[in-house]
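Visitor: Chains as they are written, first to last, in the working numbering: chain R, 1 to 383; chain X, 1001 to 1383.
Just so you know, not all the hints are guaranteed correct.
To be verified - If you only want the chain X side, here are some residues facing chain R, beta carbon under 8 Å, derived:
#: 1; residue: P1073
#: 2; residue: Y1149
#: 3; residue: L1209
#: 4; residue: E1223
#: 5; residue: G1237
#: 6; residue: G1319
Stated by the list, open to error - Within a straight-line C-alpha distance of at most 25 Å, the following computed BS3-like cross-link-like pairs (lysine-lysine) qualify:
#: 7; chain 1: R; residue 1: K367; chain 2: R; residue 2: K381
#: 8; chain 1: R; residue 1: K222; chain 2: R; residue 2: K80
#: 9; chain 1: X; residue 1: K1264; chain 2: X; residue 2: K1303
#: 10; chain 1: R; residue 1: K130; chain 2: R; residue 2: K262
#: 11; chain 1: R; residue 1: K222; chain 2: X; residue 2: K1222
#: 12; chain 1: X; residue 1: K1303; chain 2: R; residue 2: K351
#: 13; chain 1: R; residue 1: K303; chain 2: X; residue 2: K1381
#: 14; chain 1: X; residue 1: K1089; chain 2: X; residue 2: K1264
#: 15; chain 1: R; residue 1: K80; chain 2: R; residue 2: K137
To be clear, the hints were calculated from the coordinates, so they are not data collected in a lab.
Idealized CB from N, CA, C, for every residue including glycine.
Here's the letter readout for the chains.
Protein chains: 2
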Amino acid sequence: MDFSKRAFLKTTIDLSVSAVVSPFAAAAAQITNHTTKASKGVFKKIAIEEAFATPELFDEWSKLLATDAEREPGFQKLYKPFLSSPATKGIRDRLIDVGAGRIRDMDRHGIDMQILSITTPGVQVFSTNKAIDLAMKSNDQLAEFVCAYPQRYAGLAAVAPQAPDKAARELERSVKDLNLKGAIINSHTQGEYLDQPKYWVLFEAAQALDVPIYLHPRTPSKEMIQPFLSYGLEGAGWGFAVETSLHAMRLILSGVFDEFPKLKFILGHLGEGIPFWLPRIDSRFANRTWTMDALEPVKLRQKKPSEYFMDNFVIATSGVNWPPALTFALSVLGPDRILFAIDYPYEPTAKAVEGIENTPLSDADRKKIYQTNAEKLFKLKLT
Amino acid sequence: MDFSKRAFLKTTIDLSVSAVVSPFAAAAAQITNHTTKASKGVFKKIAIEEAFATPELFDEWSKLLATDAEREPGFQKLYKPFLSSPATKGIRDRLIDVGAGRIRDMDRHGIDMQILSITTPGVQVFSTNKAIDLAMKSNDQLAEFVCAYPQRYAGLAAVAPQAPDKAARELERSVKDLNLKGAIINSHTQGEYLDQPKYWVLFEAAQALDVPIYLHPRTPSKEMIQPFLSYGLEGAGWGFAVETSLHAMRLILSGVFDEFPKLKFILGHLGEGIPFWLPRIDSRFANRTWTMDALEPVKLRQKKPSEYFMDNFVIATSGVNWPPALTFALSVLGPDRILFAIDYPYEPTAKAVEGIENTPLSDADRKKIYQTNAEKLFKLKLT
């Protein structure tokens, strides 16, 4: 199949379909006339899931890979070749370059700003002290990049969930002292998920600072990766989404958003598939079907799973530059919960822009997705 | 959120969105005018993922649960309470009743035919000989149900993948001697997946007989279930889809469809989420991105992953009775790859019908989804 082939279907569909027997009518009602393809209005393009790395991170990953083969089979499988193969040198170089080369790519495709974050799995594979140290250094480095190009870059802080208190303090330092705009957490930390109460101190800090947490994919943990270790399924083509959506589901069902109702998470890849499942999740969890009744006395939360998703998550377009999926997501979540992202340098910037341009959107909604949703979420001031 | 609330969005969307930069133009072009809600034409309703059980299966499951706590943690967690709780007695009764009660439910909601299959996890949890024996007995029983109501029931055979050769012979017997219409396999068999060449004898038989295999969900295997054992995530609300979509992805990437190009699988729950990911899967696997290059010399298959999905899979609406998701799936797969299913008795028949009725569809497409796609796939003759 040829994805570049353009063909037009000669029919129209009443989008009321998205609201019929759906809880998402209010969100969908925010959509304004879907009549235009390609941008016409004047606005900025802010890309919010853009990766960088430091040479020190690559060195430390290499050391870990050489000495600890057991703890992280997914990391071993994916990153050993990634760090050494000639085939991936271009990507490694682009991860390190947070200067002229990256700005050139942005200029070529009309990207005004990248929100930078340390590339997955960041510091979460390391021993606690090493992770704390690398997160601080990486955040200091990131702040320098932002200082050098204040109108082109903003940043999300790396934190080390291995030490939850210190992660909370590092997030505070990063936001207050370094002007970073939130945190990135690359899903599980050595098999542990953020729904555990020991991590909630981090959520307390994020909510108090009013900054979001980007829940970014990584390879599934040792506890579940075995069936994914064939055909490359542990990577970005499948395992990443399985891992990250599971993590989000754990957060949703754990009650964490009853404790921290203003906490905001960002999910890439158009929500890691979760938007497709929202009514089914509600039907299977919130309504206490036989599954739940029979299983365990799960505490009923204050809201349905889909309501937490609508209230506590926004999604980014990274890597799913597909007009039908974006149109579906828009019809369910509305234009205020979707943000533009490239996943640079893993995905081509041109394709990410094309995905938005080829989706029928009003100028008002396109501006939200490209610009204003990000400006609000990260409190950016672009001039 | 109230799913029963009806609200209509006052805008329309050009469905050309589904075809732009999409490989699915040919499929989408099969859609005819989407103008009507609710059925107007005259046609049958055939529901294709409808579960039954025998008292013997319940007995044998109970014995296994009492004696083998280690091998199947998901089965233990979900089925121990399911088999004993008063809260689930109604469902157990409806699983056993393949007679008057079931027909009454069908009549009440205008269901002409149920395609019956043994409820998950069927015989796949048992030791080999026990599984072979139970599959034969269950198929004989199923043939009797079909004989008693030949215009109301058809059936899919249980097989025991534990013994691949015997499973192939049992499928032959079930189709040729018992007039069953295909097989159901409840995802993994004690942690093993059907992409292993030892199972291909079963595919050879299915292709030669020209019958489909329903790849039905079950709890994830011991090798991956640990992070799903919180909040009921191992069950139908999340783990079922993760398990089954992973299994389908393994089949797609393994090359099995190069060997058996006419083999047809059915996935429930609108394709277990896979339709949402098709272009991303193509981009990450078929195009040999850095992930694949760096990882392992995966043999390039003859087609892209999405092409195998379009050629070798059809999907059923079971449990995802949601007009936006059905509309999305239709825009991607076209009306020839989507079949109606209820997932009786786990899901209410009324909701399943409502989902189709509330989706804007032409009478021609509605007839395909309710009737003719199933008639062709299972070679049914309804009068």
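Visitor: Each hint should be assessed against the structure and marked as holding or not.
Guide: Hint by hint, here is what the structure shows:
| no. | hint | verdict |
| --- | --- | --- |
| 1 | P1073 | 12 Å, violated |
| 2 | Y1149 | 26 Å, violated |
| 3 | L1209 | 28 Å, violated |
| 4 | E1223 | 4 Å, holds |
| 5 | G1237 | 3 Å, holds |
| 6 | G1319 | 6 Å, holds |
| 7 | R:K367 / R:K381 | 15 Å, holds |
| 8 | R:K222 / R:K80 | 16 Å, holds |
| 9 | X:K1264 / X:K1303 | 16 Å, holds |
| 10 | R:K130 / R:K262 | 31 Å, violated |
| 11 | R:K222 / X:K1222 | 13 Å, holds |
| 12 | X:K1303 / R:K351 | 22 Å, holds |
| 13 | R:K303 / X:K1381 | 47 Å, violated |
| 14 | X:K1089 / X:K1264 | 35 Å, violated |
| 15 | R:K80 / R:K137 | 23 Å, holds |
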